[in-house]
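S.K.: This is what each chain is made of:
4 protein chains.
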Amino acid sequence: MSGGPSPRVLRLGMVGGGSGAFIGAVHRMAAGLDSRFRLVAGALSSDASRSLASAKELGIEGFRAYGTWQDMLERESALPRDQRIDAVAIVTPNATHFAIASAFAQRGIHLIIDKPMVTTLVDAVALREITRKAGVVCCVTYNYSGYPMIRHAASLVRDGALGAIRKVVVEYHQGWLATPLERTGQKQAAWRNDPSQAGAGGSIGDIGTHAEQLLRAVTGLRIRELASDLTTFVDGRALDDDAHILVRLSGPNASAKAKGLITVSQVCVGEQNNLTLQVYGERASLWWRQEDPNSLTLATLDGPTQTLTRGTVASPSATAATRLPPGHPEGFIEAFANIYRGAADAILAKESGPTAPTATTYPSVEDGVSGIAFIDACIRSRAANGAWVAVGE
Amino acid sequence: MSGGPSPRVLRLGMVGGGSGAFIGAVHRMAAGLDSRFRLVAGALSSDASRSLASAKELGIEGFRAYGTWQDMLERESALPRDQRIDAVAIVTPNATHFAIASAFAQRGIHLIIDKPMVTTLVDAVALREITRKAGVVCCVTYNYSGYPMIRHAASLVRDGALGAIRKVVVEYHQGWLATPLERTGQKQAAWRNDPSQAGAGGSIGDIGTHAEQLLRAVTGLRIRELASDLTTFVDGRALDDDAHILVRLSGPNASAKAKGLITVSQVCVGEQNNLTLQVYGERASLWWRQEDPNSLTLATLDGPTQTLTRGTVASPSATAATRLPPGHPEGFIEAFANIYRGAADAILAKESGPTAPTATTYPSVEDGVSGIAFIDACIRSRAANGAWVAVGE
Amino acid sequence: MSGGPSPRVLRLGMVGGGSGAFIGAVHRMAAGLDSRFRLVAGALSSDASRSLASAKELGIEGFRAYGTWQDMLERESALPRDQRIDAVAIVTPNATHFAIASAFAQRGIHLIIDKPMVTTLVDAVALREITRKAGVVCCVTYNYSGYPMIRHAASLVRDGALGAIRKVVVEYHQGWLATPLERTGQKQAAWRNDPSQAGAGGSIGDIGTHAEQLLRAVTGLRIRELASDLTTFVDGRALDDDAHILVRLSGPNASAKAKGLITVSQVCVGEQNNLTLQVYGERASLWWRQEDPNSLTLATLDGPTQTLTRGTVASPSATAATRLPPGHPEGFIEAFANIYRGAADAILAKESGPTAPTATTYPSVEDGVSGIAFIDACIRSRAANGAWVAVGE
Amino acid sequence: MSGGPSPRVLRLGMVGGGSGAFIGAVHRMAAGLDSRFRLVAGALSSDASRSLASAKELGIEGFRAYGTWQDMLERESALPRDQRIDAVAIVTPNATHFAIASAFAQRGIHLIIDKPMVTTLVDAVALREITRKAGVVCCVTYNYSGYPMIRHAASLVRDGALGAIRKVVVEYHQGWLATPLERTGQKQAAWRNDPSQAGAGGSIGDIGTHAEQLLRAVTGLRIRELASDLTTFVDGRALDDDAHILVRLSGPNASAKAKGLITVSQVCVGEQNNLTLQVYGERASLWWRQEDPNSLTLATLDGPTQTLTRGTVASPSATAATRLPPGHPEGFIEAFANIYRGAADAILAKESGPTAPTATTYPSVEDGVSGIAFIDACIRSRAANGAWVAVGE
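As given, the protein sequences belong to chains A, B, C and D, one line each in that order. So the first sequence is numbered by this note's numbering: it starts at 34 and just counts up by one. So the second sequence is numbered by this note's numbering: it starts at 34 and just counts up by one. So the third sequence is numbered by this note's numbering: it starts at 34 and just counts up by one. So the fourth sequence is numbered by this note's numbering: it starts at 34 and just counts up by one.
Looking at chain A on its own, in the form it has when it is part of the complex (with noise of 0.2 Å):
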């Protein structure tokens, strides 16, 4: 909201995401909130003609709507640099991310990927190595670590005011696969449950590494062990549906014994997108819930419990996050478009020289590969039983 010279509107291009696309729509709504990013050109749909249908839909000019990415990659590294796409937001199924994302970061084309970022851990480590060497930015986004209450919890973890972090739970239950919905016909759920699509995770995939990266986001911790109970409910369904994942937490900020929880699941019937967070340290706890984001529950040893409100907190990643006054609620869209801004942030900064744009402003490549760095875990220690395992690279 400040003044000052509006910061120049960055070119996107759209791999995935057609209209009837759930993701789709929220990159494009969150892109443009701000202004920060117009839509430029698109490769919409893995089928052409669908793909020029969409694009022609979503106001993109004819000669920038391609049937492929690889069509897109092409013709846009060919324009002049002042006209080619800036950042190009890959939302496909998780298996063709790290093709894509290679080639287009090799061009230098900055990129915005949906989560899991890839779907090995050897492609993850592979896809850091290459946008490090092409200097891009590769922004993954993990959305809820966007709303500007949840970084005002890590504020609060970062200032000490929790004192060491011992327990964390984060539980995230979904119930729209409570039935095998994928047999239905429903495209969201079909490749989500396809293991050539999806990777090796189902559900610890698709919500847990959000749960993963919220713990992180907030605490500042890392996972170093893992031991995980994963359960497929739905009969005939190839990947895990439902996760109970233990673990243990290093850092800074942690208790020698520090520990934590996740719960994961997408068959938890009546459920909705019930991501929750609970952060106990040796001076004051945290509560914290995606379905009503604008407030922030702190509890200390003395004093009563308190309610924290998006608009009235003083952190400034915050209030650079808050674009309305208190009891205006903010949702999703919004701390989506906060993921974007930050990634708008870096990209500018890449041009005003060799800035290293902090790790605090966005979801960077290292997040994505920590979220691939769980799941491989958490299959790991299904095949020993649910015993304890390293996780890492």
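Treat the hints with caution; some may be incorrect.
Repeated chains share a single entry, so a pair holds when one copy, or any two copies, can fit it.
Stated by the list, open to error - Computed cross-link-like contacts, DSBU-like style, restricted to lysine-lysine with a CA-CA straight-line distance of at most 35 Å:
#1 383 to 89
#2 383 to 166
#3 166 to 290
#4 220 to 89
#5 383 to 290
#6 290 to 89
#7 220 to 290
#8 383 to 220
The hints are simulated quantities; they were obtained by calculation from the structure and are not laboratory data.
Given the coordinates of chain A, assemble chains B, C and D onto it according to the supplied hints.
M.R.: Showing chains B, C and D alone in chain A's frame:
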């Protein structure tokens, strides 16, 4: 989210709402969210150089950044029909609305006006006549009626789910004016408490009219009579900052004795934007709270209380106002954008011929008149020591 | 929970409240919870054989199970001082309270009377005089003021934490009379809607007086004037079943313009016993809800909103009313028992000499008079089409 | 609330629970609330003079105020059958339960024992055998299963409303041991953290067993296997103060892969007594929270989420446990009293002949054994670095 050819993007001009103004930014985000409007012209400040600077910041082309609304009116009117603005958003202090709105309407430019529409009942009625004659859409941004669950509530009442309405309680409590903020130079507070800019109503105009419109939008009833108890708690303030208003209601869904209660305040310490609605019918009741807008509670004579949630309810008006799946919170901007979407539909309907836009699609000039009649009656009842007075033109 | 010699257990008689009566059972559980009273005598029903049967069921010795309250009065009065009842609990329909209470008081037996105390203002004033002359305790069971968090709220107001009180909103909504239940033979509904038994007030007497007393108990203010809008929604019902009441308040903690709003209803479908209180002062505000009585919300001009909880607050009046640690919910019976405990303390204080029991300990005959004056003023305002009328004796 | 002859009031003795002990006072209020028990004897403290002083305070006649439980046992046993205590409430530290309970049972005196029942699995099995042989009722006061809405939840599961159970999450978080309170001389903290008094479990014994019993009471399932992660966060503490426990479940209502998650902690700053239950079935789900015990949330595959409330639900077990109408909160003591009421019914059933009290009426010795088996398995899993272990005798 439907397919099909995308509708024409409308050209929007804005009067007021320059850099730093809260409501201007909201209008811009709301107008842009669904890509139904593009801001192409502006007279954004009563100070010409600030107006130009703001326009530049917002990406408005230099030649359409006007120093005054009169300039904008003249020069836009002179543009070819396919270039000039389709609609003007008026987000200036109330007392200027009438002159600006009348002038633009008379040139055939559609109106989107912040509430309260004007400052006197005479002007309200006159503006209704002007817009009718000019054949323009006049949308008054009663944004709270844009929430999907409010639309669902209205549909439940309309469909008879509540039976005859007996009692309605609307509470709209804020706390930001609990101290004499207007004396600190805060611009929002200053003009709202200056009768020459705000009109005769303080809290009743600024937020009471929202309460009145929400009551009508959900119940379909009109306020036939009212008795008011207006108070100015902060010393030296010229207008009311708190109001208790008893109302008697009439309409197709009403019990013969239907009544209501509106409490409005801007001096309730700790309240943010606490607009709540309780509707009690002979067979069922509804509760809704703006700060938690994605759900609606329905209680019936028999059976347990139900929590209805955005994205799971079937009424077409709610569905059309919904962008995201359940559990992915939508907020204030999204609801505001639904008002803009309704205005866009109505404007395009005008293009296609004599189709009258339906009253349910967007808050119209009738809502604008009703709000001013409400303020007028509150003031008259106060003058009569709280006696019951008729409400109307 | 303190040590020391336990206080003498008082002997209690009961008039009304036989087997099957809701409020009689509540009085008995409340009287017994802290072992401060023992029920030893009863005239439990207006039907003598039912009265005896009920007494037997409740373990009252046969010779103290009386067929009428007059019998009980005569025969208990004839017993030696150390055997006869110390106090009588009067839980009959309102219209009988005055005769019973007067008679027992005149024999020096302390009174515990359900609200409203009597049915006319003349009787209320007369009973006050009678109890004063007789030197007996007269406790009116305004049980909601017995909740620990209500006592803490009162102490916060008294200590100035809120600054001068500006505005109070009390809502008391029930739904059990949304249909003509009194015509089905339901006894509770029948007498409450019969003016010859209930008096001139329907909902305003049955629950409005609770709202009025709670307002006074917490704020220490009195209602100077009021304007009422009383309604009878259910056809054929003789008394009001819904009321909107605007009030003007005076007292030591009041802003010069202090005001309030009371909404009372027994026809709100889906409401159970939804008594809520909002108190707004110049510096802070309080919210409380009877259906979640163990917490109290405090908001201040600066700093986050606080949730205060029973068992963690320091005011002596709240602490004395608390039996269990935080998080172990106390409810309706416990609050009611606090009223009985206050009465027991007051009665024992009388034994120890001329110590006047303090007004804060239990709702007294003054509260009883105030409630009747409130009903009286509501009725007078209604007769004057909702005009403002003075409240008082 | 029914009529009919009132049941015989049972004579209760108490071991432990002298003046100042929290749980002793709770047992006394619970035993007395429905006038089903009268406290007539006590060995209230391990210190004889304190025991006598406490008895005097509680109105126990001098000759039945015993210095030791052995005295009480001998002298009560010598009394005529119609004078001696019917039952003994054992509210001493865990390690003493077995000796006391065995001795009283062998004299034919019924047992009401605080949880955990004993401290070793061997003792648990032995006590079961002793009580069977003696033919006495052994009620273990798992009070949370006494809440009406918990009973209704169990009835919904039993009746198949949820379909096969897939997943259960029980969270029981307290914060009172977040600091080394036991080193300050606080008695409650001291014995709970002393293995010689508390047994091998810290938080898992004190509150984990409540979680385990609640899971079983509602779902009817048993824990077949578990994997535990126990932690002692506070330095110098001898027992666990936090636990994450993964469980696998079996039983008639279970999905083949039914699983659960229990998180228990006494070091969660700001938590009071936050016991919550989430049960997810194939067709519906339930949520309940002890700090708001009067409601229960039910979500189904189709249709809106429902809030079920005490006093409005039809299951006989919930109705029988309900004293007050909806909206009049019942709390912890009332739920505890339901356990006592169940024990009283069972004891009287023994008098009337060989009727076996049903398992649903009160938490029995089987629940006691199950709790100890749970602690035992948690300890074994910890010793095996969190490996899955079988649970059982």
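S.K.: Provide an ascending list of the numbers of those earlier hints which the structure does not satisfy.
M.R.: 3, 5, 6, 8
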